[in-house]
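Keeping their order, the protein sequence lines are chains A and B.
Taking the numbering used here, the leading residue of the first sequence gets 1, the next gets one more, and so forth.
Taking the numbering used here, the leading residue of the second sequence gets 193, the next gets one more, and so forth.
Hints were generated in silico from the structure; no laboratory data involved.
All C-beta atoms, glycine included, are put in the ideal place defined by N, C-alpha and C.
Treat the hints with care, since some could be wrong.
[What the hints assert, rightly or not] Using 27 Å as the maximum straight-line C-alpha spacing, the simulated DSS-like pairs for lysine-lysine come out as follows:
1) A:LYS47 <-> B:LYS207
2) A:LYS28 <-> A:LYS47
3) B:LYS237 <-> A:LYS58
4) B:LYS251 <-> A:LYS47
5) B:LYS251 <-> B:LYS207
6) B:LYS342 <-> B:LYS285
7) B:LYS253 <-> A:LYS104
[Unchecked claim] To be clear about the criterion: a stretch of chain B counts as covered by chain A if any three or more of its residues have a C-beta under 8 Å from a C-beta of chain A, and this derived list gives those stretches:
8) 213 to 220
9) 236 to 248
10) 275 to 289
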Amino acid sequence: MSAGENGGSGGCINGIKSALRVIPNFPKPGIMFQDITTLLLDPKAFKDTIDLFVERYKDKDISVIVGIEARGFIFGPPIALAIGAKFVPLRKPKKLPGEVISEKYILEYGSDCLEMHVGAVESGDRALVVDDLVATGGTLCAAMNLLERAGAEVVECACVIEVPDLKGRERLRSHGKPLYVLVESQFEPNSQ
Amino acid sequence: MFAEENGLHGDPRIKAISDAIRVVPHFPKPGIMFQDITTLLLDQKAFKYTVDIFVDRYKEKKISVVAGVEARGFIFGPPIALAIGAKFVPLRKPRKLPGEVISEAYVLEYGTDCLEMHVGAVQAGESVLIVDDLVATGGTLSAAIRLLGKELEVHCSSSSTIILDQINNIYIFEHVFLERVGADVVECACVIGLPQVKGNWTLNGVPLYVLVEPRLNDLGHFGDGGFV
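Using the sequences and the hints, build the whole thing.
Written out as structure tokens, the structure reads:
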């Protein structure tokens, strides 16, 4: 669901939405890039973003928040600190030192890979996956696979922005997991 | 300087933070004793202590921007920024930031790398704190300091001279004056720093504030000197 449907404060959401910026044709022609860096320049809107997530998750017994490199590292830790959960970074290959487990996932052209430390997440952990944006849902599914392989239960995926045209929500639903977002992106004429 | 030299001597939080950091030998290459902060992030108390110590130090210093170096600076910077009411500005590897950026190159042991920041993220004269997980050679932080002190706002003033020539062609000469101003980097804050950071050591004139030294390894033996 999105925060707008869940009784989230309309004023907060509008402030968050208007703090986002769209950059056309980045990283390549046809993509309308949803840039969260302008949200981070607005201390009130950034705080409201975190507060909305904290409000939703503080009583859900979440023991671990995983954040997807690199923008998930910006939103995940403040939520983790506020609700008393561990924070676990999911990274591109060869960045994490020590023993890792890897999950490959398909991109439009080729594939990529996400890694998580062995031992960071344990059987019985209740996990939240955090990233700035969900598009096709491929990265979030890879993250959920890593968590489930480590024995954790994925409670939900949480993102600031959803690009509805790219059907990430449906993909997560077919994985059996819910998605919570704060805003849906505007301007999607030629998204890919 | 180290936190212990500056009012936190004997503070049990410092030991908790140090103990929560894991040492991974020979990563990313032989001889490097990698200081892994991911285990600190698994320890909710120690992670909170880390952020609290930085917040206590900076909350009264009128800092309006916290700049975090990709990627582990993105973990420590935002909680500090949120707590002190500052903007958070990510400093990124090339081609990650969309839109207009300014860049600063820096030298690595082999080759060079580059840090980028959005144009307009920081205004001239703003007070900035730079955050990263660890300072070793200081190369990355120096690049960040140079980036923030660079041309951030260009003031233009112009005057025009109009000349009419003999056959009534009009020539207009614009004189444009550019003034380059930068931000004021108040301090660099890192969780881990090499012992040379003790005392009043500065980087490009900017003081460093560090919580703990690198540990040599988890078994207490002497390692071989490199720390990443």
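Comparing the hints with the structure gives:
Of the supplied pair hints, the one linking LYS47 of chain A and LYS207 of chain B is violated, its CA atoms being roughly 30 Å apart against a limit of 27 Å. Note on LYS28 of chain A and LYS47 of chain A: the hinted pairing is violated, with a Cα-Cα distance of about 31 Å set against a maximum of 27 Å. The straight-line distance between the Cα atoms of LYS237 of chain B and LYS58 of chain A is roughly 17 Å, inside the 27 Å bound, and the hint therefore holds. Between LYS251 of chain B and LYS47 of chain A the alpha-carbon distance is near 16 Å, which keeps this suggested pair within the 27 Å criterion.
Distance hint between LYS251 of chain B and LYS207 of chain B is fulfilled; the C-alpha atoms sit about 23 Å from each other, no more than 27 Å. The straight-line distance between the Cα atoms of LYS342 of chain B and LYS285 of chain B is roughly 17 Å, inside the 27 Å bound, and the hint therefore holds. In summary, the hint linking LYS253 of chain B to LYS104 of chain A is not supported, as the alpha carbons are separated by about 45 Å, beyond the 27 Å threshold. As drawn, the stretch 213 to 220 of chain B meets chain A at 4 residues by the rule of a beta-carbon pair under 8 Å; at three or more, the given contact holds.
Using a Cβ-Cβ cut-off of 8 Å, 4 residues of the stretch 236 to 248 of chain B lie near chain A, which meets the minimum of three, so the contact claim holds. Given a C-beta distance limit of less than 8 Å, the hint that chain A covers the stretch 275 to 289 of chain B holds, as 10 residues qualify and 3 suffice.
Comparing the model with each numbered hint stated earlier shows that hints 1, 2 and 7 do not hold.
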